[in-house]
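Participant: Listed below, chain by chain, are the residues.
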Amino acid sequence: MAYSDKVIDHYNNPRNVGSFDKSKLDVGTGVVGAPECGDVMKLQIQVDGDRIVDAKFKTFGCGSAIASSSLATEWIKGKTLDEAMKIRNTQIVEELSLPPVKIHCSVLAEDAIKSAIQDYKSKKAGGSSNPPARGGTQ
Amino acid sequence: MKLPIYFDFQATTPLDPRVLEAMIPYFTEDFGNAASRSHAFGWKAEEAVETARGRIASLIGASPKEIVFTSGSTESINLAIKGVAEMYAEKGRHIVTSQVEHKAVLDTCKHLEKLGFEVTYLKPTKKGRVTVEMVEGALRPDTILVALLWANNEVGTLNPIREIGDLCHRKGVLFFSDATQAVGKIPVDVEKDHVDLLCLSGHKIYGPKGVGCLYVRRKNPRVRLVAQIDGGGHERGMRSGTLNVPGVVGLGKACELCQQDLAKDAAHTSALRDDFEKRLFAALDHVHLNGDPEHRLPNNSNLSFSYVEGESLIMGIKDVAVSSGSACTSASLEPSHVLRAMGVGDELAHSSIRFGFGRFTTKEQVDYAVEHVVQAVKRLRELSPLYEMVQEGVDLSKIDWTSHQPGAARG
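Those protein sequences? They're chains A and B, same order as listed. For the first sequence, the working numbering gives the first residue as 1, with consecutive numbering after it. For the second sequence, the working numbering gives the first residue as 139, with consecutive numbering after it.
Hints were generated in silico from the structure; no laboratory data involved. Heads up, some of the hints might be wrong.
As the list claims (entries may be wrong) - Listed next, the in silico BS3-like pairs over lysine-lysine satisfying Cα-Cα at most 25 Å (straight line):
| # | chain 1 | residue 1 | chain 2 | residue 2 |
| --- | --- | --- | --- | --- |
| 1 | A | LYS56 | A | LYS121 |
| 2 | B | LYS402 | B | LYS203 |
| 3 | A | LYS22 | B | LYS536 |
| 4 | B | LYS248 | B | LYS261 |
| 5 | B | LYS456 | B | LYS501 |
| 6 | A | LYS77 | A | LYS6 |
| 7 | B | LYS229 | B | LYS248 |
| 8 | B | LYS456 | A | LYS22 |
| 9 | B | LYS264 | A | LYS114 |
| 10 | A | LYS24 | B | LYS536 |
| 11 | B | LYS261 | A | LYS56 |
| 12 | B | LYS330 | B | LYS402 |
| 13 | B | LYS264 | A | LYS6 |
| 14 | A | LYS56 | A | LYS77 |
| 15 | B | LYS264 | B | LYS501 |
| 16 | B | LYS241 | B | LYS265 |
| 17 | B | LYS140 | B | LYS456 |
| 18 | A | LYS77 | A | LYS114 |
| 19 | B | LYS248 | A | LYS6 |
| 20 | B | LYS252 | B | LYS265 |
| 21 | B | LYS264 | B | LYS241 |
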């Protein structure tokens with residue numbers, strides 16, 4: 001399968017790889033996907049006020065999954081939480097020229113953003129003592 | 139060293155230059171139709187076809203009259219299974235096969251199920267082997283055929299063909315083996331191994347694509363088939379159609395070379411393969427061998443690199459041409475049916491890579507592959523949230539993962 005130049009670029013030079021301390025109050029963590037499906041994305045945001053000041057990711061998945069999550073971290077940095085919530089997977093598909101069989105990678109990246117924001121918000125509200133860094137609902 | 143390097147010898151092989159040389163005259167000056175009986179052009183082609191038939195028969199311990207030329211293993215499999223089913227339907231309508239067969243066998247069996255046949259799909263051991271006990275347990279009074287791989291195309295596991303063949307002969311059931319991956323790599327003898335039908339393909343053994351054959355036993359027992367392609371009655375009525383003479387000549391030459399070099403090729407590939415595996419296991423943790431280390435083709439290495447997805451690894455070793463058991467390229471998102479049937483978890487199946495070693499693989503190429511695989515696995519593990527969790531002591535099997543079906547993770 002031929003990958004687009006942008007996918008190859010993100011795969012070779014992934015942006016914002018790494019992890020934040022998920023126990024910190026200003027950090028939101030989203031882990032989506034499952035190993036048996038062949039993709040797991042962990043996306044983390046660091047928030048100041050209502051603005052995402054930094055983002056990091058780690059992804060187990062194909063080149064398109066790595067590129068989608070790398071791109072997602074690039075896009076959400078500097079955005080407010082509300083702006084980041086509006087990012088749609090179709091924008092990722094378009095930017096990376098993903099073929100139909102890889103659309104699920106973009107969906108996963110959108111889900112990872114939303115999951116990280118949700119985690120941050122529930123922490124802020126004091127609702128969650130158990131951040132969903134273990135992949136969603138227990 | 140020329141890049142990219144080919145490590146996918148189970149998918150296909152390059153033509154041996156000696157094979158090409160043997161084929162060339164039959165495209166141009168000796169272009170006759172092997173079925174033309176009235177002139178020298180036809181006689182010459184027929185002579186070349188019969189020489190090839192003899193070489194193929196010799197490699198597998200058959201008689202030349204038992205070789206039926208086809209377009210390759212998929213056609214041979216269709217002819218063997220459908221041909222037997224149609225011919226012996228009145229005797230019984232039950233077939234035994236396994237879950238780790240090639241799709242050509244599985245889909246042919248599915249087709250027959252629609253026509254009212256019953257098929258038992260044996261589940262292999264964790265190492266991918268079907269045992270004689272499993273086969274014996276599945277046989278019924280109405281079983282007409284047992285169809286099993288000689289060597290698995292993904293993991294290279296060898297079935298105990300001789301024992302299963304012996305059982306089938308004692309029970310009066312026909313035995314077909316898809317030996318596409320085995321022929322030319324390990325000794326195959328239809329007499330000693332009690333096989334009634336066997337297929338092989340030119341392009342897996344340094345011969346041309348588009349040509350293969352089906353061995354059909356002529357005595358003890360005499361196997362009869364209903365032809366699946368009707369026409370001029372070529373190949374003793376079992377497969378009509380003008381023979382692909384250059385292809386047949388190439389297949390014959392390829393078989394001759396395999397017979398001549400079998401031990402040498404096996405020693406060469408297994409030495410490279412074993413060295414390759416030894417070095418990878420030394421350099422990396424969490425590497426798993428899929429298959430049977432004891433009963434395995436000499437040229438196959440199917441490895442799972444935990445916490446790294448197969449397709450991303452293939453992308454990371456772009457000058458090393460391999461294939462993966464991961465199904466990320468397919469829309470179904472389902473990994474290899476072979477690894478699944480063996481009980482390899484889907485997670486490890488997604489992390490699997492099949493390496494193949496061949497007659498022309500060099501030590502230098504293996505060095506390159508080892509270096510780049512190690513590098514890519516390490517890099518991708520730095521990127522892997524799973525590897526991070528495992529380093530932190532998290533038990534991944536205890537996690538309630540979200541599905542990644544669209545919308546499901548939105549909560």
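Participant: Work down the list of hints and note, for each, if the structure agrees.
Facilitator: Going through the hints against the structure:
This hinted pair checks out: LYS56 (chain A) and LYS121 (chain A) have alpha carbons roughly 18 Å apart, not beyond 25 Å. For a cut-off of 25 Å, the pair hint linking LYS402 (chain B) to LYS203 (chain B) is broken: about 29 Å separates their Cα positions. Distance check on the hinted pair: LYS22 (chain A) and LYS536 (chain B) sit about 19 Å apart at the alpha-carbon level, within 25 Å; holds. Annotation: proposed proximity of LYS248 (chain B) to LYS261 (chain B) holds, straight-line Cα distance about 16 Å (limit 25 Å).
Taken as a hint, the LYS456 (chain B) and LYS501 (chain B) pair is honoured in the structure, with Cα atoms around 19 Å apart against an allowance of 25 Å. Only pairs whose Cα atoms come within 25 Å are accepted, and LYS77 (chain A) paired with LYS6 (chain A) is accepted, the gap being roughly 19 Å. Only pairs whose Cα atoms come within 25 Å are accepted, and LYS229 (chain B) paired with LYS248 (chain B) is accepted, the gap being roughly 20 Å. Taking the CA atoms of LYS456 (chain B) and LYS22 (chain A), the gap is about 35 Å. The hint is violated against a cut of 25 Å.
At roughly 40 Å between alpha-carbon atoms, LYS264 (chain B) and LYS114 (chain A) are farther apart than 25 Å, so this suggested pair is violated. Proximity of LYS24 (chain A) to LYS536 (chain B) is assessed by CA-CA distance (about 24 Å); at most 25 Å being required, the pair is judged to hold. For the hint pairing LYS261 (chain B) with LYS56 (chain A), the CA-to-CA distance comes to about 44 Å; that exceeds 25 Å, so the pair is violated. A distance of roughly 22 Å separates the Cα atoms of LYS330 (chain B) and LYS402 (chain B); the hinted pair therefore holds under the 25 Å criterion.
Of the pairs offered as hints, the one joining LYS264 (chain B) and LYS6 (chain A) is violated, with about 40 Å between alpha carbons and a cut-off of 25 Å exceeded. Restraint check for LYS56 (chain A) and LYS77 (chain A): the C-alpha separation of about 9 Å stays at or below 25 Å, so the hint holds. Restraint check: the Cα-Cα separation between LYS264 (chain B) and LYS501 (chain B) comes to about 31 Å, which exceeds 25 Å; the hinted pair is violated. Under the criterion of a C-alpha separation no larger than 25 Å, the hint pairing LYS241 (chain B) with LYS265 (chain B) is consistent with the structure, at around 19 Å.
At most 25 Å may separate the alpha-carbon atoms for a hinted pair to count; LYS140 (chain B) and LYS456 (chain B) meet this at roughly 13 Å. Between the alpha carbons of LYS77 (chain A) and LYS114 (chain A) the distance comes to roughly 14 Å, so the proposed pair stays at or under 25 Å and holds. Distance hint between LYS248 (chain B) and LYS6 (chain A) is unfulfilled; the C-alpha atoms sit about 42 Å from each other, more than 25 Å. Pair hint LYS252 (chain B) plus LYS265 (chain B) does not hold up; C-alpha atoms about 31 Å apart against a cutoff of 25 Å.
Distance hint between LYS264 (chain B) and LYS241 (chain B) is fulfilled; the C-alpha atoms sit about 20 Å from each other, no more than 25 Å.
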